[in-house]
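K.L.:
Residue-level listing of the chains:
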Amino acid sequence: MKKPILLLAACFLAWPLLAPAALTIEITQGVEGALPIAVVPFDESNNAYQPPQDVARIIADDLRRSGRFAPVDEQNLIARPVQAAQIRFKDWRTLGVGSLVIGRVETTGEGSFRIQFQLFDVFRGRQLIGFSVPTTRTRMRYDAHRISDLIYEKLTGQRGAFATRIAYVTVEKKGKKRSYHLQVADADGYNPQTILRSTQPLMSPAWSPDGQRLAYVSFEKRRASIFVQDVGSGKRERVLAFAGINGAPAWSPDGRRLAVTLSRDGNPEIYIYTLATRKLQRVTRSTAIDTEPVWSPDGASLVFTSDRGGSPQLYRVPVSGGRARRLTFEGNYNASADFSPDGKHLALVHGAGGKYRIGLLDLDSGRFRLLTDGRLDESPSFAPNGSMIIYATAAGKRGVLAAVSSDGRFKQRLSLQTGDVREPAWSPFDRRQ
Amino acid sequence: MNTVKLGLALMFAGVLAGCSTTGSKPGEVAVEDRGTTAGATEEVTTRAAGDYGELGMQALNDPSSPLSHRVIYFAFDSSEVAEQDRDLLAAHAAFLAANPDVKVSVEGHTDERGSREYNIALGERRAQAVKRILEFQGASPAQMTVVSYGEEKPAAEGHDESAWSLNRRVELVYVGR
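Residue numbers (my numbering), protein chains in the order written: chain W, 59 to 491; chain U, 3 to 179.
Source of the hints: derived by calculation from the structure; they are not laboratory data.
Do not take every clue at face value.
[Stated by the list, open to error] Below, simulated DSS-like cross-link-like pairs (lysine-lysine); rule was C-alpha separation at most 30 Å, straight line:
1) W:232 - W:293
2) W:279 - W:234
3) W:148 - U:105
4) W:413 - W:231
5) U:155 - W:235
6) W:279 - W:212
7) W:455 - W:232
8) W:148 - W:235
9) W:455 - U:155
10) W:402 - W:234
11) W:469 - W:413
12) W:279 - U:155
13) W:413 - W:455
14) U:105 - W:293
15) W:402 - W:413
16) W:455 - W:231
17) W:148 - U:155
18) W:234 - U:155
19) U:105 - U:155
20) W:279 - W:293
21) W:455 - U:105
22) W:402 - W:293
23) W:413 - U:155
24) W:455 - W:402
25) W:293 - U:155
26) W:402 - U:155
27) W:402 - W:231
28) W:337 - W:413
Make the full structure from the sequences, and use the hints.
P.N.:
See the structure below:
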């Protein structure tokens, strides 16, 4: 009867009761020509309860993080209108500010609020959109991101991806022991939550297309297994645990299948696992390493990494199997692909001259270009609107996350105060709305 | 004494492994334990010392015995076992052949460069290469399990060749039955 006590004690030691630290975002390369926009602090007067979030600040930060906008700093605002009638468009025009957002937050009950906002075209002097959004104390931050999505879409024509999440793995080292955490946070790094901790490695988180579940690899029990975990409830299931490698899970666009890497038949091969029937279908057959499958958005083909040609390169194969066609020819290391949401590009890890950087391959033209200039960049993952790619990189001796716009012009870094952070996966669009 | 130490080490490893699948705290997701780690680990722990026998354990821990060396290293992007490590593997193969109850986990690792899942595959290729040599020289396949940790468990923390060369490795980790 000694063991349960020991086990409990060790678990408490390994699990500090602190909330995980938030990622902090720092813009490392700005863009010339980002559009000036003024987001005036929202009117919060006449409130029985203090709103828990600065909605205007969240919107301005979101727009700045996109790289497409240059919000006017709060202290440089020339006026603080809270109603349309108070706006003097001429004053904003002379500053070159093309768009203006105003709004107010009102209490509607205990813990419930209403956010009203309006977006104006300053040059034409007219309203572009205006909405009233019911919200709660706990949802306010999320609803602010949804408002950012609407503003971004109205001004750029592209759907916003601010009300999304990222999953990633953090590692803390204490002495010789490591603690691996699978975390989920809002796309701006706020509200981080640890959904799994282990003393053994956690790897390769992948979002289901509905954004409700994560597939990942865990080495608990000192072997690799693939799990699927419901992010909301925490309920999880071990779905694949063959001898050898169980790795690199990737959801099919319909959410019913996982492409995975298994070495059960002797060496790493790509398989498709159907969750409902628990059936496996083998896709590749080679004596080489085949791994890191990703689905094309139409669900018809897989792109994967293989060293069948002598060095790791990307190949494309129909989901039904058959001949794989090589996609990358530049240099001797191209791996870890992610499809752009429109299926036209692949983000990948390109190794050359002892450096590993993120590049973008145009699948139609075959044109390739580097987007990043790190030394150990890896794990690229597209935002669901295709505007940005989040990836892992090294800053000094620590692992941090970074994001680059898909045109390579805008860069930011997301880092923790302590510990390593790695393997980011950007969620699909949120479907809770 | 060494026997006890190994037993304790295994017990601690078992306890930590148990942690990863059990327990919860407020505001955190309770993790379902779908396996039997805790019970199974207890068995591993209590039998470990006995099964090796005094002679076997002494050989594993005697610094003058080749069996005390249980890590071999690899060149970049290579899974070729160096000529100088053949004698070491022959000694381990002979030990395994003479002690059919002893089991070993053949654990492959890589340096941090390149993608993580590709490194898992590369680490397995290294471990398989070592397993094949052990098997060829008399160890039974049933005594060996292969696991690859890729770049996830570096032996050295640095980000240069001096650390990388220590991380491209296969470890032989003896366990009880």
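K.L.:
Each hint: holds or not?
P.N.:
For each hint, the structure was consulted:
1. Of the pairs offered as hints, the one joining residue 232 of chain W and residue 293 of chain W holds, with about 29 Å between alpha carbons and a cut-off of 30 Å not exceeded.
2. With a C-alpha separation of about 19 Å, the suggested pair residue 279 of chain W and residue 234 of chain W falls inside the 30 Å cut-off, and the hint holds.
3. Between the alpha carbons of residue 148 of chain W and residue 105 of chain U the distance comes to roughly 81 Å, so the proposed pair goes past 30 Å and is violated.
4. For the hint linking residue 413 of chain W to residue 231 of chain W, the alpha-carbon distance of about 26 Å falls within 30 Å, and the restraint holds.
5. The suggested pairing of residue 155 of chain U with residue 235 of chain W holds, with an alpha-carbon distance near 10 Å, which does not exceed 30 Å.
6. For the given pair, residue 279 of chain W sits about 50 Å from residue 212 of chain W by alpha-carbon distance, which is inconsistent with the 30 Å threshold.
7. In summary, the hint linking residue 455 of chain W to residue 232 of chain W is supported, as the alpha carbons are separated by about 16 Å, within the 30 Å threshold.
8. Straight-line distance between C-alpha atoms of residue 148 of chain W and residue 235 of chain W comes to about 62 Å, which puts the hinted pair past the 30 Å bound.
9. Using a Cα cut-off of 30 Å, the hinted pair residue 455 of chain W and residue 155 of chain U holds, with the two alpha carbons roughly 16 Å apart.
10. For the hint pairing residue 402 of chain W with residue 234 of chain W, the CA-to-CA distance comes to about 45 Å; that exceeds 30 Å, so the pair is violated.
11. Of the pairs offered as hints, the one joining residue 469 of chain W and residue 413 of chain W holds, with about 18 Å between alpha carbons and a cut-off of 30 Å not exceeded.
12. Only pairs whose Cα atoms come within 30 Å are accepted, and residue 279 of chain W paired with residue 155 of chain U is accepted, the gap being roughly 15 Å.
13. Straight-line distance between C-alpha atoms of residue 413 of chain W and residue 455 of chain W comes to about 16 Å, which keeps the hinted pair within the 30 Å bound.
14. The straight-line distance between the Cα atoms of residue 105 of chain U and residue 293 of chain W is roughly 34 Å, outside the 30 Å bound, and the hint therefore fails.
15. Restraint check for residue 402 of chain W and residue 413 of chain W: the C-alpha separation of about 26 Å stays at or below 30 Å, so the hint holds.
16. A threshold of 30 Å between alpha carbons decides the hint, and for residue 455 of chain W with residue 231 of chain W the separation of about 13 Å falls inside it, so the pair holds.
17. For the suggested pair residue 148 of chain W and residue 155 of chain U, the alpha carbons sit about 61 Å apart, so the restraint of at most 30 Å is broken.
18. Our distance criterion of 30 Å between C-alpha atoms is met by residue 234 of chain W and residue 155 of chain U, whose separation comes to about 11 Å.
19. For a cut-off of 30 Å, the pair hint linking residue 105 of chain U to residue 155 of chain U stands: about 22 Å separates their Cα positions.
20. With a CA separation close to 19 Å, the supplied pair residue 279 of chain W and residue 293 of chain W stays within the 30 Å bound.
21. Distance hint between residue 455 of chain W and residue 105 of chain U is unfulfilled; the C-alpha atoms sit about 37 Å from each other, more than 30 Å.
22. Taken as a hint, the residue 402 of chain W and residue 293 of chain W pair is broken in the structure, with Cα atoms around 35 Å apart against an allowance of 30 Å.
23. Simply put, residue 413 of chain W and residue 155 of chain U have alpha-carbon atoms about 21 Å apart, close enough for the 30 Å limit, and the pair holds.
24. Pair hint residue 455 of chain W plus residue 402 of chain W does not hold up; C-alpha atoms about 35 Å apart against a cutoff of 30 Å.
25. A threshold of 30 Å between alpha carbons decides the hint, and for residue 293 of chain W with residue 155 of chain U the separation of about 27 Å falls inside it, so the pair holds.
26. Restraint check for residue 402 of chain W and residue 155 of chain U: not satisfied, since their Cα atoms lie roughly 36 Å apart, outside the 30 Å limit.
27. Taken as a hint, the residue 402 of chain W and residue 231 of chain W pair is broken in the structure, with Cα atoms around 40 Å apart against an allowance of 30 Å.
28. About 40 Å separates the Cα atoms of residue 337 of chain W and residue 413 of chain W, which puts this hinted pair outside 30 Å; it is violated.
The structure does not agree with the numbered hints 3, 6, 8, 10, 14, 17, 21, 22, 24, 26, 27 and 28 stated previously, though it agrees with the rest.
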